[in-house]
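Participant: Please model the entire structure based on the sequences and the hints provided.
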Amino acid sequence: MICVRFFARVREALDTEELALSEADVADLDALQDHLQQLGEPWRSVLAEPNLLRAVNHEVVHGNRALADGDEVAFYPPVTGG
Amino acid sequence: MAICVRVQAGDFDPLQLQRELEGNDAGAVVTFTGYVKGGGGVSGISLEHYPGMTEHSIETIAREAMSRWSLKAVSVLHRVGHLPAGAQIVWVGTSATHRGEAFAGCEFVMDYLKTRAPFWKKEYGEFGERWVESRSSDQARAERW
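So the sequence lines, in the order shown, correspond to chains A and B.
Residue numbers 113 to 194, in our numbering, belong to the letters of the first sequence in order.
Residue numbers 233 to 377, in our numbering, belong to the letters of the second sequence in order.
Because the hints were derived from the structure by calculation, they are not lab data.
Beta carbons are placed, not taken as given, at the ideal position from N, Cα and C, and that holds for glycine.
Hints may be right or wrong, so weigh each one.
[Said to hold, decoys possible] Each computed SDA-like pair below joins lysine to any residue, with the alpha-carbon atoms no more than 25 Å apart:
| no. | chain 1 | residue 1 | chain 2 | residue 2 |
| --- | --- | --- | --- | --- |
| 1 | B | K354 | B | G242 |
| 2 | B | K269 | A | R121 |
| 3 | B | K354 | A | P162 |
| 4 | B | K269 | B | T347 |
| 5 | B | K354 | A | S157 |
| 6 | B | K269 | B | Q371 |
| 7 | B | K354 | A | T128 |
[Stated by the list, open to error] Between beta-carbon pairs, the in silico distance windows are:
| no. | chain 1 | residue 1 | chain 2 | residue 2 | range |
| --- | --- | --- | --- | --- | --- |
| 8 | A | A136 | B | L247 | 54 to 60 Å |
| 9 | A | C115 | B | D245 | 33 to 39 Å |
| 10 | B | E365 | A | Q149 | 19 to 25 Å |
| 11 | B | Q248 | A | S134 | 45 to 51 Å |
[Claimed, not checked] Derived contacts from chain B toward chain A, CB cut-off under 10 Å, selection only:
| no. | residue |
| --- | --- |
| 12 | E280 |
| 13 | Y282 |
| 14 | H310 |
| 15 | V322 |
| 16 | L345 |
| 17 | K346 |
| 18 | T347 |
| 19 | A349 |
| 20 | K354 |
| 21 | E365 |
| 22 | R367 |
Facilitator: Written as structure tokens, this is what we have:
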């Protein structure tokens with residue numbers, strides 16, 4: 113399974129903290145995002161935000177990346193700590 | 233303690249954290265303390281973070297600072313949860329043989345932390361609640377390095 117987590121404004125807009133998907137359905141990060149966007153609104157528009165960030169296993173990923181069983185994916189808005 | 237990262241809800245004592253950096257033949261210790269900004273009707277904030285990734289990303293930033301400058305130690309403490317305006321929110325300390333490295337390393341860690349570590353602020357006040365938007369000026373400061 114692949115664990116998908118959502119944070120901050122993205123978490124609130126989706127009303128979802130986390131979910132699990134089978135790696136058989138989502139071979140890579142782009143496929144995972146497409147899969148979620150096909151759930152309809154609000155998924156389609158929230159995950160289409162241009163400044164959305166993606167991480168795999170606690171590392172920010174720019175571009176696409178293959179996914180494997182046990183991976184943890186996160187979607188979140190630009191950070192505002194400090 | 234070449235690198236020390238703490239993420240916690242509770243308050244902290246900057247002097248105690250500074251003392252941990254002293255010794256080890258350090259000729260300079262530079263520290264920064266950040267506070268929750270009030271104004272604009274903001275009474276407080278809540279800090280959300282991504283446990284695990286938060287610590288990992290701060291450690292990565294600290295390691296990069298250690299490799300760019302001749303730092304003896306980097307220490308970072310960031311609070312999470314509900315914090316009133318005026319509260320201490322973040323502390324960064326660096327130690328080095330000379331002040332130049334310690335100053336640069338401290339500012340670098342703070343600038344990178346603001347743009348790379350997965351924390352998100354939500355403000356509360358007379359307006360209700362609102363997520364804080366990332367600022368291009370913070371991004372520009374981080375890109376200087």
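Participant: All hints, please: hold or fail.
Facilitator: Status of each hint after checking the structure:
no. : hint                        : in the structure
1   : B/K354 - B/G242             : 18 Å, holds
2   : B/K269 - A/R121             : 20 Å, holds
3   : B/K354 - A/P162             : 21 Å, holds
4   : B/K269 - B/T347             : 18 Å, holds
5   : B/K354 - A/S157             : 22 Å, holds
6   : B/K269 - B/Q371             : 19 Å, holds
7   : B/K354 - A/T128             : 18 Å, holds
8   : A/A136 - B/L247: 54 to 60 Å : 55 Å, holds
9   : A/C115 - B/D245: 33 to 39 Å : 37 Å, holds
10  : B/E365 - A/Q149: 19 to 25 Å : 23 Å, holds
11  : B/Q248 - A/S134: 45 to 51 Å : 49 Å, holds
12  : E280                        : 5 Å, holds
13  : Y282                        : 6 Å, holds
14  : H310                        : 6 Å, holds
15  : V322                        : 5 Å, holds
16  : L345                        : 5 Å, holds
17  : K346                        : 4 Å, holds
18  : T347                        : 7 Å, holds
19  : A349                        : 5 Å, holds
20  : K354                        : 8 Å, holds
21  : E365                        : 7 Å, holds
22  : R367                        : 8 Å, holds
Hint check: no violations occur; every hint is consistent with the structure.
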